[in-house]
Structures are given as C-alpha cells and as structure tokens.
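Undergrad: Under my numbering, the first residue of the sequence shown carries the number 926, and numbering increases by one thereafter.
None of these hints come from the bench; they were simulated from the model.
Being a predicted model, the structure only gives us computed values, none of them experimental.
Take these hints with a grain of salt, some might be off.
As the list claims (entries may be wrong) - Below, a list of computed lysine-lysine pairs in the PhoX-like style, where the Cα atoms sit at most 20 Å apart:
hint, residue 1, residue 2
1, Lys1165, Lys1411
2, Lys1269, Lys1229
3, Lys1155, Lys1130
4, Lys1234, Lys1245
5, Lys1104, Lys1042
6, Lys1234, Lys1174
7, Lys1123, Lys1083
8, Lys1628, Lys1574
9, Lys1042, Lys1130
10, Lys1549, Lys1502
11, Lys1104, Lys1130
12, Lys1165, Lys1155
13, Lys1104, Lys1083
14, Lys1155, Lys1042
15, Lys1155, Lys1083
Unchecked claim - Label-pair ranges, simulated between beta-carbon atoms:
hint, residue 1, residue 2, range
16, Pro1087, Ala1212, 37 to 47 Å
17, Ala1127, Arg1219, 43 to 53 Å
18, Leu1398, Phe966, 49 to 59 Å
19, Ile1304, Arg1357, 20 to 30 Å
20, Asn1340, Ser1180, 36 to 46 Å
21, Lys1549, Ile1432, 37 to 47 Å
22, Trp1370, Lys1155, 50 to 60 Å
Glycine is no exception: its CB is placed at the ideal position from the N, C-alpha and C atoms.
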Amino acid sequence: MQEADEFLSRQRSSPTDESTSLGEHLAALLEYRNVILAFAFGAALLGAVYALITKPTYESNILVQVEENGNSIGSALGDLASMFELKTAATTEIEILRSRMILGPTVDAVHLDIDAKPTYFPLVGRFLASRVPVPVDGPARLNLDSFAWGGEAIEVSKMEVPSQYNGGIWTLTLLPNGKYSLRSPEDEAVIGNCEVGKECRASVKGGVVVMTVDRLVGRSGARFQLVHSKRLDVITRLQKSLSISEQGKDSGIISTVWRSDDPHRTQAVLNEIARLYVKQNVDRKSAEADNMIRFLDRQLPGLKDNLTKAETKYNNYRTKNTIVDLPVEAQTLLNQIVQAEVQKSQLVLQRDQLLQRFTPQHPNVDAVNRQLDTVNAQIAGFNQRLKAIPANEQDAVGLARDAMVAQEIYTTLLNNVEQLRVLKAGKTGNVRLLDGAELITVPVWPRPGLIILVATTLGVFLGLVISFAFKALRSGIEDPAEVEDKFGLPVYATIPHSEQQSTFGRIERSGGSDTPLLTMAAPNDLAVEAIRSLRTALQFAQFDARNNILMLTGPAPGVGKSFIAINLAALMASTGKKVLLIDGDLRRGYLHRYVGAARGRGLTELIRSDGDAGEFIQRDTLVKGLDFMPTGELPPNAAELLLHPNFDKVLNQLASRYDNVIIDTPPVLAVTDPAIVGRYAGVTLLVLRFGANPPREVEMAIKQLRQGGGTLKGVIFNDLPLNTGGYAYGKYKYAYQYEYAARK
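Please put together the full structure from these sequences, using the hints given.
TA: Here you go:
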C-alpha cells in the first residue's frame, strides 16, 4: 500500500511551487489565443475598411508676424505720437483672425457657403476615383455614367436659394451638349438647360434660384451634389474649425491651420484670411493716422495765432527798450524754461488725445498726469529763479519764453502732421505674412497605417477583455490541486485535451462514421499516454479493493467518462488481460458504437433472466482481448432494475471470470444509478472536466456516491489544455514527440 501511495503522489498533477497568477494569466492568453486573434483580425479589417471609405482631409497653414514697433506711427513720431501706437497681445490678434470681420468676407470671396462636389459610388467610389481614376472621356465603370470615377470637377461662383432650401441637396446633371440641368432637394426639375458660365434663374416655391456655374468637367450624365448653407452658419463652422495659436510664448508669430476635404479650397480660404487680416491691420493704421492728422489740424490754427501774438509782443518790447541780447544767465534760464514749457504742451496734447479714447481714471491718462506734475514742478522752480534777476530782464525773458515756446510747439506739430501724411500714403502696418498657404495634395487623414495599428490594438484589448471575462464567468475547477486540497481526493490522472479526438467528434456530429477509438487511431496521442498512466495507477489502487470492478461516473454529462472508459479498457486488454467493458448507462448508453458491436441483448436482459452471463457478452469487438456487454434494451425503470438482487450476482459472476471489469455509468447528479452500482464496485473514480464542474457540484457528487455506499477512490481530471499554466504538459509534449521522432 505504501508503494501505491508513493506512485500516486508522483502522478498527481499540481502546480509547481513557483506558479503565480502571472502564469495563470499567460495560460488564459494561450487558451483564448484564437479569440484574441479573431478580434485583432476583425478590428484590423474594420480599420482598413474605415481608412478605405473615409473622406480624405487636407491641411494647410499660414504664419503671420505681429511686430511690436516695426514701421509704426509711434516710432516715426517719437514721444509725442507713441501714445497712438497700438500694441496688442497675441490673444487679441488671434481673436481678430477668428472674427466675422475677417471670416465673413472670406466666405464670400471663396464661396464657402456653396458646397459643390461630384456624386461618387457608395462606399468605395471616392477611393477608386482618387486611386484608380477613369478618364472622363472614356466609358464609366460598369457603365454607371451618373457617378464620378475620376477627373470630374465643378466650380460654382454664385448660388442663391430661398432660405428654406439652405442645407438641402440639389442635384446638377451634365447634359450631352455641355449644358446642365438642376433638380431641387424634392427632386423637382428647376433648371432644364443652362450654359456653363452664364447666370440662370428659375422660380421655385418660396422664391427664386440663381445659379452660375463657372466650370464643369465630366462625362455626359454625370451628377453633382450642391448644397447652399446659411452664411452665418458657415462663418460659425469656420470659426470652430480654425486652429489658431501663437508659436512659442510672446514670439508674436501666429499660426493658422485649417482642414477640409478639398486641398484647393483649403489653400484659397487660408490665403484669403491672410490677405484680409493684413489689409485690416493696414487700414487700422491708416485710420489711426487720419485721426491724428485731424486732431493736429484742429490745433495748428490756434498755435499759429499764439505764435504770432507772442512774437509781436516780444519784438515790440525789444524795440521799445532797445534790448539787443539777453545776459548769459538770463539766456540759459530762458532755454530751460522753453524746454520745460514745450514738454508740458506736448503732455497736455497727449492727455487730450488719450481722453478721446479712455476715461480720466485710465492708467495711461494717470501716467501722463504724473509727468505733468513733474514738469510743472520744474517750471515753478525756474520761475522762482527768474525772480532773482533784474525786473527789466524778467520781462524780456518772459516775452521771449512765450515766443520760443509757441514757435517750438507749432514747428513740432507741423512736422508731425507731414510725417503722418507720409506714413498714411505708405500704408504700412505692424503685421506681415511670413508663410502663405501651400497646396497640399497629401491628405493628413485618414492615415491607414495608424488606423489599422490602433484598430488592431483595440481589437487585441477587446479580445483580452472578452477572454478574461469568459475565464471569470467559467466557475468550474481548472486546477487538479484544488480537488485534492478541497475534497481530499487524489487525482489519479490528468488527461490532456486531444485535438485528434475533437476532430473525430466533429466528423461524427456532422453525420460521418462512428468515432474510432483514440488508442487505435492515434496511439501516440498525449491523451492516450495519460490513460496509460491511469492504467498503471489503477494496478496499485486495486491492491486493497474488495473486487476488480471499476466504476466510472461524473457529476454531469459531457465530462468524457465514456471516452476514458472505452480507451482504458482497450489499453488494459492490450496487455493480455481479460477485460470486460459494461455499458452501465441504461438510459442512453452508446459504447457499442466504439467497439463495432450492436446494442443487442445485454445488461438489462441479463438481470431480468438470471441466466449465464456469457450469453450476453459480445466478444467479437474491434479491440483484441476486450469483451463487451451492451446495455441491451433501455428499460423505463433503470434504477429499480439495478436494485434487483440478480445484479449483485451478475457482477460477482463477471468479476470471477475477468481480470478487470469496467462499468461506465451515467452522471451521478442526474440519476441515482451510479450510487447503486458504486456499492458493488471495488474502485469508483469520479471524472471531472477542466473548467466544467464547479466545486459545489463536485461536492454534491462525492456526497451522493458516499451515501450510496460506494468506495470513491479518487478523481480523473479530463480535457486539460496542453498550455495550461503551471503544468508540465508543454515540456512533456516536447519530450514525447522528440522521442518518437528519433525512432522513425
């Protein structure tokens, strides 16, 4: 018995000590690799289709520079006119670029409110027209002349429709004579015969349609779709679709990017925006110069009058008092006073101009007022010094001061006016176009490589999610060690999944021949080798059994107990032993198909007749040395029949005649038959299938077998995937195949 236990301990399939959840996850990936690959392939295919049918998008951009002081009015006029320099932040210029003042005329100039394009064949027509075009002077594909197949073009410079038709699709058809017809969104004929390049009018419900088509290229019968949109809606969409940003912090370089499905229209729109933006900046500077000129022109007459009066008084005083030149000290003081007075006058002029634009509390106005306070303090100081000189010199200095200040102010303003006129004539602004929009014929979207890559990645991710969801929902036991730990039952064998057996099953289900025995059709299959190990293990397990009868059952249908029973019986018979296989499933047994026998008379008739068992055994089977007892007639009361006293006698009689008796029974949780048969068997084994039997189900099956009085020795774990993490079947498979390959 100790030797048997040692052998069983070597046969138990359990994870290695180093097994981790990572290994289980990798095993799940391998198990569901076909699902993951299917999702990945499907997603990649969808991505390719999306890239194929998606309308291409083209992108272009313009760069403008906002100069802080370049060619400005302020820099030309110095301190006096610096107050008129319009220094705007990049955010302000960005909003100007996005304003209706710029975009409205752009929409009008480029006719952006008119969308005219050829009609393509659904889904793939645009792709074929761009990649494999057909000349417009040749026959159309499949003789479908109404669709565009490459080379078709249309330019519409004018389209006016009643407001209720905005957004509707008008259909333009090219006629054989080069003219065209037009149908309304309601498919009503509107224009029947209009020439290209001429304006056509037609009355429709709610108003008049005005149309001017400048260019029309295509084969006769080709159709074009025209959509007229409300101007304000087009401007709003354009505002939202423009990407405007400053290139780097405080760089003054503004980039404007726009995308559309027409590369020529993309270029035209951006260049028109650039032209209008530069023009409005120049116009704004010209308007600024006009304002300054008008303001200074209003000041000049008064200043001229003041100058004349001041010079007259000074000259009369000099003549009356015979003064030729002022003393040096007085002349120096006079010059200082004149400079201060001129500065004061300029500041007053500057403040007056600012008050036309800002309130008295504005920071700019407040700054000028502070400068005025400083200059007034200087003038007060000079006046105090003036009192220290003789009285006659004081009068002369005062009159000379008035004349010189008036002369300086008048001359300065007169020069400024002339400079302003020059600048206005030059029409210079503080923005300039660095890069105009180029014609980009390579679409920025779709990018097939990126789309397929992203789609494949998403497909793999979705496949992983689905796979792990399946694994999580599958509540059946997947680890043979779990059976030993939870129920204390040894695992006599782990039978790996056999792809060959699965193939046999598919052939049988499709209406083919009966499934052949795996031990005969594929004796080198790993599942067969595992059953050989089970055969060896049973030799030790039956040492202390009360008889040589082995019963196989399972908790539920589909665990593979019949597959194990027939192949185990065949392998036992191949060793020269006398083996009897009994189909004990009196409700739906079908083992006779595997051994080439008929259902005929069998266990049912033997129990009822109390005759000799040999009369009900079929010895002419496909497996040499294997005798077979079929179910016989399927009785309506199988459980009552198995409780008949004759059944015990039958089994004892058969056990004495054979080395091994194997009974295949129905699932124990479905019927009570296995619990009845189990009390007569020396060894009972419970067959479980990988991932098919939850722990609660196994627990109930064990309980029923033990309550029936059977001797449950252990468990057979069936259909274990070869790639399940933590098990040695991967390495075993390599060694096994390597060994057999070496023998060839």
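Undergrad: Now tell me, hint by hint, if it's right for this structure.
TA: Here is how each hint holds up against the structure:
Taken as a hint, the lysine 1165 and lysine 1411 pair is broken in the structure, with Cα atoms around 65 Å apart against an allowance of 20 Å. About 18 Å separates the Cα atoms of lysine 1269 and lysine 1229, which keeps this hinted pair within 20 Å; it holds. Note on lysine 1155 and lysine 1130: the hinted pairing holds, with a Cα-Cα distance of about 18 Å set against a maximum of 20 Å. Between the alpha carbons of lysine 1234 and lysine 1245 the distance comes to roughly 17 Å, so the proposed pair stays at or under 20 Å and holds.
Our distance criterion of 20 Å between C-alpha atoms is met by lysine 1104 and lysine 1042, whose separation comes to about 17 Å. Simply put, lysine 1234 and lysine 1174 have alpha-carbon atoms about 55 Å apart, too far for the 20 Å limit, and the pair is violated. At roughly 10 Å between alpha-carbon atoms, lysine 1123 and lysine 1083 fall within 20 Å of each other, so this suggested pair holds. For the hint linking lysine 1628 to lysine 1574, the alpha-carbon distance of about 26 Å lies beyond 20 Å, and the restraint is violated.
Taken as a hint, the lysine 1042 and lysine 1130 pair is broken in the structure, with Cα atoms around 25 Å apart against an allowance of 20 Å. For the hint pairing lysine 1549 with lysine 1502, the CA-to-CA distance comes to about 10 Å; that is within 20 Å, so the pair holds. Of the pairs offered as hints, the one joining lysine 1104 and lysine 1130 is violated, with about 24 Å between alpha carbons and a cut-off of 20 Å exceeded. With a C-alpha separation of about 16 Å, the suggested pair lysine 1165 and lysine 1155 falls inside the 20 Å cut-off, and the hint holds.
With a C-alpha separation of about 16 Å, the suggested pair lysine 1104 and lysine 1083 falls inside the 20 Å cut-off, and the hint holds. At roughly 18 Å between alpha-carbon atoms, lysine 1155 and lysine 1042 fall within 20 Å of each other, so this suggested pair holds. A C-alpha spacing of about 14 Å is found between lysine 1155 and lysine 1083, which places the hinted pair at or below 20 Å, so the restraint holds. A beta carbon spacing of about 38 Å between proline 1087 and alanine 1212 agrees with the range 37 to 47 Å that was offered as a hint.
Hint check: alanine 1127 to arginine 1219, Cβ distance near 51 Å, so the stated range 43 to 53 Å holds. As the Cβ distance of leucine 1398 to phenylalanine 966 is approximately 24 Å, the hint placing it in 49 to 59 Å is violated. Evaluation of the 20 to 30 Å hint for isoleucine 1304 and arginine 1357 yields a failure: the beta carbon distance comes to about 44 Å. The beta-carbon spacing between asparagine 1340 and serine 1180, approximately 40 Å, falls within the hinted interval of 36 to 46 Å.
The supplied range of 37 to 47 Å is broken by lysine 1549 and isoleucine 1432, whose beta-carbon atoms lie about 25 Å from each other. Checking the proposed 50 to 60 Å range against tryptophan 1370 and lysine 1155 shows it is violated: the Cβ atoms sit about 27 Å from each other.
The structure fails to meet hints 1, 6, 8, 9, 11, 18, 19, 21, 22 from the earlier list, while all remaining hints are met.
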